[in-house]
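There are 2 protein chains.
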Amino acid sequence: MKKLINQVDRVVRESLEGEALAFPHLVKLNEDPLFLYRADAPRPKVALISGGGSGHEPLHGGYVGRGMLDAACPGEVFTSPVPDQMVEAGKKVHGGKGILFIVKNYTGDVMNFEMAQELLEAEGIPVKSVLVADDVAVENSLYTAGRRGVGGTVFVERIAGAAAEKGADLEEVARIAEKVSQGSRSMGMALSSCTVPAKGSPTFELGDDEMEIGIGIHGEPGRERMKLKSADEITEMLARPVMEDLGLRRGEKVIAMVNGMGGTPLMELFIVYRKLHQILEAEGIAIARSLVGNYITSLEMQGASITLLRADEELLQLWDEPVHTPALRWGV
Amino acid sequence: MKKLINQVDRVVRESLEGEALAFPHLVKLNEDPLFLYRADAPRPKVALISGGGSGHEPLHGGYVGRGMLDAACPGEVFTSPVPDQMVEAGKKVHGGKGILFIVKNYTGDVMNFEMAQELLEAEGIPVKSVLVADDVAVENSLYTAGRRGVGGTVFVERIAGAAAEKGADLEEVARIAEKVSQGSRSMGMALSSCTVPAKGSPTFELGDDEMEIGIGIHGEPGRERMKLKSADEITEMLARPVMEDLGLRRGEKVIAMVNGMGGTPLMELFIVYRKLHQILEAEGIAIARSLVGNYITSLEMQGASITLLRADEELLQLWDEPVHTPALRWGV
Numbered sequence: 006m007k008k009l010i011n012q013v014d015r016v017v018r019e020s021l022e023g024e025a026l027a028f029p030h031l032v033k034l035n036e037d038p039l040f041l042y043r044a045d046a047p048r049p050k051v052a053l054i055s056g057g058g059s060g061h062e063p064l065h066g067g068y069v070g071r072g073m074l075d076a077a078c079p080g081e082v083f084t085s086p087v088p089d090q091m092v093e094a095g096k097k098v099h100g101g102k103g104i105l106f107i108v109k110n111y112t113g114d115v116m117n118f119e120m121a122q123e124l125l126e127a128e129g130i131p132v133k134s135v136l137v138a139d140d141v142a143v144e145n146s147l148y149t150a151g152r153r154g155v156g157g158t159v160f161v162e163r164i165a166g167a168a169a170e171k172g173a174d175l176e177e178v179a180r181i182a183e184k185v186s187q188g189s190r191s192m193g194m195a196l197s198s199c200t201v202p203a204k205g206s207p208t209f210e211l212g213d214d215e216m217e218i219g220i221g222i223h224g225e226p227g228r229e230r231m232k233l234k235s236a237d238e239i240t241e242m243l244a245r246p247v248m249e250d251l252g253l254r255r256g257e258k259v260i261a262m263v264n265g266m267g268g269t270p271l272m273e274l275f276i277v278y279r280k281l282h283q284i285l286e287a288e289g290i291a292i293a294r295s296l297v298g299n300y301i302t303s304l305e306m307q308g309a310s311i312t313l314l315r316a317d318e319e320l321l322q323l324w325d326e327p328v329h330t331p332a333l334r335w336g337v
Numbered sequence: 006m007k008k009l010i011n012q013v014d015r016v017v018r019e020s021l022e023g024e025a026l027a028f029p030h031l032v033k034l035n036e037d038p039l040f041l042y043r044a045d046a047p048r049p050k051v052a053l054i055s056g057g058g059s060g061h062e063p064l065h066g067g068y069v070g071r072g073m074l075d076a077a078c079p080g081e082v083f084t085s086p087v088p089d090q091m092v093e094a095g096k097k098v099h100g101g102k103g104i105l106f107i108v109k110n111y112t113g114d115v116m117n118f119e120m121a122q123e124l125l126e127a128e129g130i131p132v133k134s135v136l137v138a139d140d141v142a143v144e145n146s147l148y149t150a151g152r153r154g155v156g157g158t159v160f161v162e163r164i165a166g167a168a169a170e171k172g173a174d175l176e177e178v179a180r181i182a183e184k185v186s187q188g189s190r191s192m193g194m195a196l197s198s199c200t201v202p203a204k205g206s207p208t209f210e211l212g213d214d215e216m217e218i219g220i221g222i223h224g225e226p227g228r229e230r231m232k233l234k235s236a237d238e239i240t241e242m243l244a245r246p247v248m249e250d251l252g253l254r255r256g257e258k259v260i261a262m263v264n265g266m267g268g269t270p271l272m273e274l275f276i277v278y279r280k281l282h283q284i285l286e287a288e289g290i291a292i293a294r295s296l297v298g299n300y301i302t303s304l305e306m307q308g309a310s311i312t313l314l315r316a317d318e319e320l321l322q323l324w325d326e327p328v329h330t331p332a333l334r335w336g337v
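Keeping their order, the protein sequence lines are chains A and B.
The opening residue of the first sequence carries number 6 in the working numbering; numbering runs sequentially from there.
The opening residue of the second sequence carries number 6 in the working numbering; numbering runs sequentially from there.
By construction, these hints were calculated from the structure, which means they are not laboratory data.
Please read these numbers as outputs of a predicted model, since none were measured by experiment.
Just so it is clear, CB atoms sit at the ideal spot from N, CA and C, and this is done for glycine as well.
Some hints here could point you the wrong way.
Said to hold, decoys possible - Below, computed lysine-lysine pairings styled on PhoX-like, alpha-carbon distance capped at 25 Å: (1) B:33 - B:96; (2) B:33 - A:33; (3) B:234 - A:204.
Unchecked claim - Facing chain B, according to a computed beta carbon distance under 8 Å, are these residues of chain A, among others: (4) 60; (5) 236; (6) 268; (7) 309.
Claimed, not checked - If you want the ones that stay clear, here's a sample from chain B, every Cβ over 10 Å from chain A, calculated: (8) 49; (9) 183; (10) 218; (11) 267; (12) 317; (13) 326.
Take these sequences, add in the hints, and give me the full structure.
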């Protein structure tokens, strides 16, 4: 295993320490239990909390800041965080207007966020949850009942975060989050595996000329293992199921993300984006906004995923609101 | 070779097409000769042009936009651009106040930018050049007489770009660029090689437990091949030579970059940043601003580099000026 790490059991903690040192004006680290939270004091706004296994950076810690998350609760690599983290994060960032949990659909995450919700509610703090289950590749998976939550999470965190920042109440922020979650679909592929530090060997093996279509963000099996194809063919194989599942029609607009799995050069992601743009354009669908880069990764895995969100004026206006986090930044 | 590409000879062009499609409000693509330029019309400001071999994305195309470059001229992967690209880019973006070339110190780049400078000057356009040669690892290298130009380039493009955007004249922009170039030092390391598409096999081989310290951004040999060490030890091995060469003293400030080579998870870069922060703090040197991420890469190479820039109030104020490019964005 070749990684820039010190001790396997300190990878997550040291990485978060580094992030907090690099962005002291944006995020602070709570040491015990472990979570990142906004450096500016809680304001009377709905607080957004997400979290999940580490290894998907910049998700979620990179999205803590103005116009996005108030706290991010990291588990060990590819392992759910425990309820205590979300409970303490909730108490820390609650600004008196309730909390929205953004939960990727993995069995452990769902269970632990539910437990945290009950514990916070028992203390009189209103909590709502939105589940993200946008991966069209498979209906059930290794860690999942139902679809896996992947790239759509970035869109939910950004857009619900904008609504909360603008002062929407919990009901309204939850409605927006649900709308984004329902309107997002994703599919990914891998050229190579990743290696979880605690395991020390690759999660799966792929032949020198093979790829896996429909891979999960933990290296879970996808739809099909096949011979490597061209970037244009691969983009077709990812984009079509996403477009069909979303039921996109001529004249509609989307927010599109071409996401790298961690080990893929930006150059290749732009080649995928180019084809995605061509496919959508030919169908009369406009990309109104886009992200191209590493936004939800699987350690050093090589590969890419495509996420599309059906966009209307409400979502686009929220998208354009200022955001200021370690990993996403625009506006004043 | 496992890459998300279509044809080897179309990698650079299709990638640039994708970038222009993804950021139409920021960059436009000139097809022949190939270069990216600012989407907003030339204004009466000093125009900044850089370029070099592709494969280092987001450098340089990702830095075209407000407060940074006016044009970026890409060669094939790890191959210099030709003079015609810089000449035509120069004519396109010249706003009547002259042009500054930002040139990484590689023999081919230096020669081709010099030729372009002569050709533009022959047409009556004033051109100055700044050379970036910040890599302390080796004095001469495979493609270089003198030190290689690496991470300091990002700092030169950003800070000279801010000065130009504020209306400084060519003399002044060149002075600032030179100051940043002189005040920057870098060193990098690799855990793995990269594969140039046209070659199809890894540039070099590293054993399963080996790393290369002092690597160049094209996989050129560095100072030493050795057994893999901990992230903290590696950070020491990169940071100390940089600090010593720069002659940093207690009480000074730096702008610091922990850069990924393309295939390294952000999580690991934060672990390196954490240690860099500790090393500098112990020496009484403050990190005034920082970047952590993929800013100057070597395709899918795994590894990292550290760049430090001696910072004073003049440079920090320029650093904080608004920048709006595909890869760097802050301010209004």
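Evaluation of the provided hints:
For the suggested pair residue 33 of chain B and residue 96 of chain B, the alpha carbons sit about 15 Å apart, so the restraint of at most 25 Å is met. Restraint check for residue 33 of chain B and residue 33 of chain A: the C-alpha separation of about 39 Å exceeds 25 Å, so the hint is violated. Of the supplied pair hints, the one linking residue 234 of chain B and residue 204 of chain A holds, its CA atoms being roughly 18 Å apart against a limit of 25 Å. Taken as an interface hint, residue 60 of chain A checks out: its beta carbon lies about 7 Å from the nearest beta carbon of chain B, inside 8 Å.
Taking 8 Å as the C-beta contact cut-off toward chain B, the hint placing residue 236 of chain A at the interface holds, the least distance being around 4 Å. Given hint, residue 268 of chain A at the interface with chain B, holds; its Cβ is 4 Å from that chain's nearest Cβ, closer than 8 Å. Annotation: residue 309 of chain A was flagged as interfacial toward chain B, and the flag holds, the nearest CB pair being 6 Å apart, inside 8 Å. No Cβ of chain A comes within 10 Å of the Cβ of residue 49 of chain B; the nearest lies about 26 Å off, and the non-interface call holds.
No beta-carbon of chain A comes within 10 Å of the beta-carbon of residue 183 of chain B; the shortest separation is about 28 Å. Distance check on residue 218 of chain B: its Cβ is at least 13 Å (rounded) from any Cβ of chain A, clearing the 10 Å threshold; non-interface status holds. Annotated as non-interface, residue 267 of chain B brings its C-beta within 10 Å of a C-beta of chain A; the closest such distance is 5 Å. Every Cβ of chain A is farther than 10 Å from the Cβ of residue 317 of chain B; the closest lies at roughly 21 Å, confirming the non-interface assignment.
Here residue 326 of chain B stays apart from chain A, with its beta-carbon at least about 14 Å from theirs, past the 10 Å limit.
The earlier numbered hints that this structure contradicts are 2, 11.
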